[in-house]
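K.L.:
Starting from the structure of chain A, add chain B where the hints point.
Number of protein chains: 2
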Amino acid sequence: MLITELGKKAKIAEREIRIATSIQKNSALEAIKYALLDSKNIEQILTANKLDLDNAEQNGISEVMQDRLRLTEDRIKNISKAVEEVIALPDPIGEIIDGNVRPNGLRITKTRVPIGVIGIIFESRPNVTVDAAVLCLKSGNAVILRGGKEAINSNIALAEVMRNAIAEHINQDVIQLVTDTSREVSRELMQAREYLDLLIPRGGAGLIKTVCENAKVPVIETGSGNCHAYVDEFADLNIALNIVDNAKTQRPSVCNSIETLLVHKTVADEFLPKLAEFWNGKVQLRGYNAPVSEEDFYTEYNDLIITIKIVENIDEAIAHIEKYSTKHSETIITKDYKNAEKFQKQIDSSAVYVNASTRFTDGGEFGLGAEIGISTQKLHARGPMGLRELTTIKYLINGDGQVR
Amino acid sequence: MLITELGKKAKIAEREIRIATSIQKNSALEAIKYALLDSKNIEQILTANKLDLDNAEQNGISEVMQDRLRLTEDRIKNISKAVEEVIALPDPIGEIIDGNVRPNGLRITKTRVPIGVIGIIFESRPNVTVDAAVLCLKSGNAVILRGGKEAINSNIALAEVMRNAIAEHINQDVIQLVTDTSREVSRELMQAREYLDLLIPRGGAGLIKTVCENAKVPVIETGSGNCHAYVDEFADLNIALNIVDNAKTQRPSVCNSIETLLVHKTVADEFLPKLAEFWNGKVQLRGYNAPVSEEDFYTEYNDLIITIKIVENIDEAIAHIEKYSTKHSETIITKDYKNAEKFQKQIDSSAVYVNASTRFTDGGEFGLGAEIGISTQKLHARGPMGLRELTTIKYLINGDGQVR
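Those protein sequence lines, which keep their order, are chains A and B. So for the first sequence, our numbering puts the first residue at 1; every next one is plus one. So for the second sequence, our numbering puts the first residue at 1; every next one is plus one.
One chain only, chain A, in its complex shape (with noise of 0.2 Å):
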């Protein structure tokens, strides 16, 4: 009832954002950009989320998890500046992509337009309800959000803030928040065919399977990344160092960060104990100086933790990588013209590199501006989602009296 409820506000919401300008989409992201600056708001969001913060506490959640769900004045202006960036983005509604005229006169032209209603389920960041929401604003999409319910009073004061901020720039219900956390309404969200044309889970691997299993609406996956790294026979093992150790530790929780070591056999006597050395501790090395199991290449860590295959050649690691890689990003360290071709060639996944670390893989390092999220399916969208990638296309035909 609910997700009724929220679906048809949506669809009157959207057959408005769709025709917006980018004036008028960009007036309503001000609004929302300088109400972030407002003190009383600041204070509403940070009250709000100090009740999470002790709800988070009594249950006992980690001091990790505690972290990502905390806001702080600095946090919420860092989340302002953020939409200030999302605003200096280019409007991708109303590209032409593409047009020709037929021969029989008929002129076609394939536009840019955005997708409708997209709906959004995401954990514990509340800084992922602003983001999230600019983000289909500024592409003319209106969105239903569904944060986790350990960040349920944040995200219910963020979204407030941002519908009375734009209220006056467009209808308001152009950003929604299911208040209700609870499985029945998010299984729900899911089913609503009639209202969502979009679903993108941003969370971890368990979100995204239960989503994937259970959604009937067109969904996205994004963020499931067990991602390789490969030191050829050929490599320059400095240069390996260096890559293998920011692809790990630099961030070792987000999804382009590496899972898998594979080490071809002549260099693996040199380059393994280097790397233990160079770690020195700080890094689990399974199979190397900690247990593997056949479980382990399959698993993506998000943490301190690498497992090592020492291969016979290339195939093998471009054969394992086809075997456990959720085909989000992997690496070849070689100084080899062929190794670097092959590897490239026949590697599936959505960035495959040569000589550079894995944390690349995303909308800001990939020149996009701002990400959605990182899409590891094949459809729509693969790699960084960018404005572009939350648009569709429509086709409009021009003629004089035309018929077939």
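There could be a bad hint or two in this list.
Each pair may be met inside one copy or between any two copies, as identical chains are not told apart.
Straight-line distance between alpha carbons at most 20 Å, and here's what the computed EDC-like set of lysine to aspartate or glutamate pairs gives [to be verified]:
1. K323 / E194
2. K282 / D296
3. K209 / E194
4. K274 / E341
5. K8 / E316
6. K110 / E43
7. K81 / E43
8. K149 / D54
9. K110 / D400
10. K110 / E341
11. K209 / D400
12. K209 / E188
13. K110 / D98
14. K149 / E123
15. K77 / D236
Because the hints were derived from the structure by calculation, they are not lab data. The structure presented is a predicted model; accordingly, all values stated were derived computationally and were not measured.
P.N.:
Positioned in the frame of chain A, the structure of chain B alone reads:
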């Protein structure tokens, strides 16, 4: 079990075809083209088709359906000709879509690659078996075909001819047919997340609904077409008559024909009698010379029936389409600039026409060369789907040791 077996083979074949050159893929397609001109193969196919036709007759299947099922030497030669047309199309794989060098020197290249393993579930026309297979093959994908049980003997013969033909050019498992047409196996196919990257249903509304509701793999909905024509108060009524006649009667069974005619009240008294007289009983005009119900407005007749609604103004026409359309194709007939612009801007369908028949929404008519279907969803592909719509992207990132 059957799907697991086919899926495993498809996965192996997919690794081969996704890196095949255009020359290799075209050689395989040439082999199919010639195999369909070979008299022994034609005989084999016609014998199998005879079995299906006999069964159809025994089961009291309508003459129209029997005709859909029927193959003749000429029809098989036409299928071969369609293969030739696909050979002539440019290979979409390897296209460089975009690219740049990042400030840190990383070179990013966005390239076009195959999707992987595609499932096609379709109904009685056996020519789809070949059409779908060659489009998937050309675009570097492996395909698992599941046709209707009425055409099973024809499909087995066609698949065998194709598989034998390509065997010396490429792993023949790039084309596989599900020979067990039970519902259980069909359901298995819809849920084969481990093996299928995409599932495309081709057929009637019932089939599409079943697939969308049961699939756990990504689906592209095709061919659901409740299309509209709106005769504006400023229409040229001769052009309107031509277009409405063409869009309704030229081929009423297809998805891009219209089901509802909206007429502005100021021209209704002139236009509707004119139209009824022109059709002279050939088409039933529900709401004009036959009763109409709310249900009619939702119905895709695929028949010589049309629903008529007189509207107060263009806004009512647009609101009607927003409510009832499947967002496939709509057309306005008008001489008024403002109304033409408004209609094209506000209507949220894949193809929005001014002064032309909706019958042009078609891969061939749009210049895509051939189509696997017409997508009526907003994700991945919208409107006619050609070879490019059977691809996804892969980022290649080349560096010299970059880390974050």
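K.L.:
All hints, please: hold or fail.
P.N.:
Evaluated hints:
no.: 1; hint: K323 / E194; in the structure: between (37 Å within a copy, 11 Å between copies)
no.: 2; hint: K282 / D296; in the structure: within (18 Å within a copy, 69 Å between copies)
no.: 3; hint: K209 / E194; in the structure: between (22 Å within a copy, 13 Å between copies)
no.: 4; hint: K274 / E341; in the structure: neither (27 Å within a copy, 67 Å between copies)
no.: 5; hint: K8 / E316; in the structure: between (53 Å within a copy, 19 Å between copies)
no.: 6; hint: K110 / E43; in the structure: neither (47 Å within a copy, 44 Å between copies)
no.: 7; hint: K81 / E43; in the structure: within (18 Å within a copy, 71 Å between copies)
no.: 8; hint: K149 / D54; in the structure: within (13 Å within a copy, 61 Å between copies)
no.: 9; hint: K110 / D400; in the structure: within (19 Å within a copy, 39 Å between copies)
no.: 10; hint: K110 / E341; in the structure: between (35 Å within a copy, 15 Å between copies)
no.: 11; hint: K209 / D400; in the structure: neither (50 Å within a copy, 36 Å between copies)
no.: 12; hint: K209 / E188; in the structure: both (16 Å within a copy, 18 Å between copies)
no.: 13; hint: K110 / D98; in the structure: both (5 Å within a copy, 18 Å between copies)
no.: 14; hint: K149 / E123; in the structure: within (8 Å within a copy, 45 Å between copies)
no.: 15; hint: K77 / D236; in the structure: neither (43 Å within a copy, 58 Å between copies)
In summary, the numbered hints that this structure violates are 4, 6, 11 and 15.
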